[in-house]
Amino acid sequence: RIFPAVPDAWQDVAYSGLRTEGAFKVSASRKQGKTEFVHIKSLAGEPCIVMTDISNPVFTGKRDFIIKSVDNGIYQIDLKKGEEIIMYPKGTSPDFSISPISHMSQNYFGKKAK
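Heads up: the sequence shown at position 88 corresponds to 291 in the working numbering, and the numbers run straight through without jumps.
No lab work stands behind these hints: they were computed from the structure.
Note that CB positions come from ideal geometry on N, CA and C, so glycine has one too.
Possibly wrong hints are sitting among the right ones.
[To be verified] Simulated crosslink set (SDA-like; lysine to any residue; CA at most 25 Å straight-line):
# : residue 1 : residue 2
1 : K237      : T255
2 : K283      : G220
3 : K234      : K283
4 : K244      : D267
5 : K244      : A212
6 : K283      : S302
7 : K271      : D215
8 : K237      : G220
[Said to hold, decoys possible] Simulated restraints, written as ranges between beta carbons of each label pair:
#  : residue 1 : residue 2 : range
9  : W213      : R266      : 28 to 36 Å
10 : V273      : L246      : 16 to 24 Å
11 : P210      : I269      : 28 to 36 Å
12 : S302      : D256      : 17 to 25 Å
13 : D267      : D211      : 29 to 37 Å
14 : K265      : D211      : 13 to 21 Å
15 : S302      : I269      : 31 to 39 Å
16 : W213      : F299      : 16 to 24 Å
17 : G285      : Q235      : 28 to 36 Å
18 : L246      : F299      : 17 to 25 Å
19 : P210      : D281      : 13 to 21 Å
Work out the full structure: start from the sequences and follow the hints.
Encoded structure:
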């Protein structure tokens, strides 16, 4: 899962270089509650299975990957060690950069009002 512990109230979320189980490095961005893109790099060549809320995703990388739809929103990707793939919603042209949210909307104490 791309945003497993992020509350729905957090509409805008981004992270870069998160290391995951199976030796993957993941970066992702969500704006207005919708995932804009997911970037996955395999560090060990382990099986890559990803669950995303992106419907009809586009997968792009340096080669044509074998993508299997395992279930609704769950995909198996044949990433080899050192390979990277980006997935994003079909029909969009996302900005693949990660940037902090506006300081005006930050709250260092969770969901409490400012």
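A quick look at each hint next to the structure:
no.	hint	verdict
1	K237 with T255	holds, 10 Å
2	K283 with G220	holds, 18 Å
3	K234 with K283	violated, 30 Å
4	K244 with D267	holds, 15 Å
5	K244 with A212	violated, 28 Å
6	K283 with S302	violated, 28 Å
7	K271 with D215	violated, 29 Å
8	K237 with G220	holds, 20 Å
9	W213 with R266: 28 to 36 Å	holds, 34 Å
10	V273 with L246: 16 to 24 Å	holds, 22 Å
11	P210 with I269: 28 to 36 Å	holds, 34 Å
12	S302 with D256: 17 to 25 Å	holds, 21 Å
13	D267 with D211: 29 to 37 Å	holds, 35 Å
14	K265 with D211: 13 to 21 Å	violated, 35 Å
15	S302 with I269: 31 to 39 Å	holds, 33 Å
16	W213 with F299: 16 to 24 Å	holds, 20 Å
17	G285 with Q235: 28 to 36 Å	holds, 33 Å
18	L246 with F299: 17 to 25 Å	holds, 20 Å
19	P210 with D281: 13 to 21 Å	violated, 33 Å
The structure is inconsistent with the numbered hints 3, 5, 6, 7, 14 and 19, although it conforms to all the rest.
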